[in-house]
Amino acid sequence: MINEADPPLSLDALRSGDRAEFARLVEIYYTPIYRLALKMLAREQDAEDVLQNTFLKALQHIGEFEGRSTLSTWLYRIAANEALMFLRRKRPEVSINDEAEEADDSLPMPEQFTDWCCLPEQEFATAEAKRQLDQAILKLPEKLRVVFLLRDIEGLSIKETSEVLNLTETAVKTRLLRARLALREYLAAYFSERLLSENEK
Amino acid sequence: MTLHSHTHDMSCQQLLASIGDYVEGDLAPELCQEIERHLAACDHCRVVVDTLNKTITLYHASAHETEVPSEVRGRLFQVLKLDNLREKKS
Ligand SMILES: [Zn+2]
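Protein chains in written order, with my numbering: chain A, 31 to 231; chain B, 39 to 128.
Honestly, the hints are just simulated from the structure, not real lab data.
One or more hints might be untrue.
Some chain A residues well away from chain B (every beta-carbon gap over 10 Å; in silico) [stated by the list, open to error]:
id: 1; residue: P38
id: 2; residue: L44
id: 3; residue: R49
Output of the computed footprint for chain B on chain A, the stretches with three or more beta carbons under 8 Å from beta carbons of chain B [unchecked claim]:
id: 4; segment: 53 to 64
id: 5; segment: 143 to 155
id: 6; segment: 179 to 187
Calculated lysine-lysine pairs in the DSBU-like style (CA-CA distance at most 30 Å, straight line) [unchecked claim]:
id: 7; chain 1: A; residue 1: K87; chain 2: B; residue 2: K119
id: 8; chain 1: A; residue 1: K203; chain 2: B; residue 2: K92
id: 9; chain 1: A; residue 1: K203; chain 2: A; residue 2: K120
id: 10; chain 1: A; residue 1: K189; chain 2: B; residue 2: K92
From the three backbone atoms N, C-alpha and C, an ideal C-beta is built for every residue, glycine too.
Generate the whole structure from the sequences, applying the supplied hints.
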């Protein structure tokens, strides 16, 4: 485990092929990379493949890392590409950089107007609620899903997300909002039901 | 969001267009006030904003629940040929 007292990673050591330093890098980042892959792909086996490929590629290319982005942005970029490539092999027609769709900038109108915020807190912490959260992510189109995961699950800024995905910040914002609005609709369907059964008690 | 005619200037569509920046806290104060005036008068938009914020909060809270199975971690260090090196450290 890495703790705060550990010295920061040395780029020079990493670039010169220091194995112990690379092990520290892996130790720091394997959990977020696995989480991104798992939430992107859902299957544990697929997430593990992406995890391994990400760090194999990182190991192979660390000598070329110029430090223009942070290490975490660089790793997320490799992992996001691996995950998207995996999905593209399954469904070849999907393209992350397909800006053509962005031309349609009208947002879908909200359809669910039940206020489920007032549900008791424990309703949001059940295993079923958590399953619903993960399932909702998987309903998103891949190019919205990856933006949402980087921003709202991994906590990257809009700018970092745009660097990872090679998108403009405007494109990131648009996709993020579409993703969040779609997730709101999916969750509303489930939590409105919970609200009904709560009120029947 | 049905199109009630509100007595104030901002429409539900206009609100929706700014909702992304609003929940990110990226809006100019005047526009924020305009949105808040609309929200005070329009139940539909208020519910959309509240449940949108709740949705984001729930996902933020869920972010740190993923744990990597120890076999997955073990196989990763093996594939990278870092496993014997780890033993020696600390
Ligand atoms: Zn409204």
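Here is how each hint holds up against the structure:
For P38 (chain A), the non-interface assignment is confirmed: its Cβ lies about 17 Å from the closest Cβ of chain B, beyond the 10 Å cut-off. A cut-off of 10 Å between C-beta atoms confirms that L44 (chain A) is not in contact with chain B; the least separation is 13 Å. The non-interface label for R49 (chain A) is inconsistent with chain B: the shortest C-beta to C-beta separation is roughly 5 Å, within 10 Å. Counting residues of the segment 53 to 64 of chain A whose C-beta lies closer than 8 Å to any C-beta of chain B gives 5; at least three are required, and the coverage claim holds.
Evaluation of the coverage hint for the segment 143 to 155 of chain A: fulfilled, as 6 residues show C-beta separations to chain B shorter than 8 Å, against a requirement of three. As drawn, the segment 179 to 187 of chain A meets chain B at 4 residues by the rule of a beta-carbon pair under 8 Å; at three or more, the given contact holds. A threshold of 30 Å between alpha carbons decides the hint, and for K87 (chain A) with K119 (chain B) the separation of about 14 Å falls inside it, so the pair holds. For a cut-off of 30 Å, the pair hint linking K203 (chain A) to K92 (chain B) stands: about 19 Å separates their Cα positions.
Pair hint K203 (chain A) plus K120 (chain A) holds up; C-alpha atoms about 27 Å apart against a cutoff of 30 Å. For the hint linking K189 (chain A) to K92 (chain B), the alpha-carbon distance of about 24 Å falls within 30 Å, and the restraint holds.
The structure fails to meet hint 3 from the earlier list, while all remaining hints are met.
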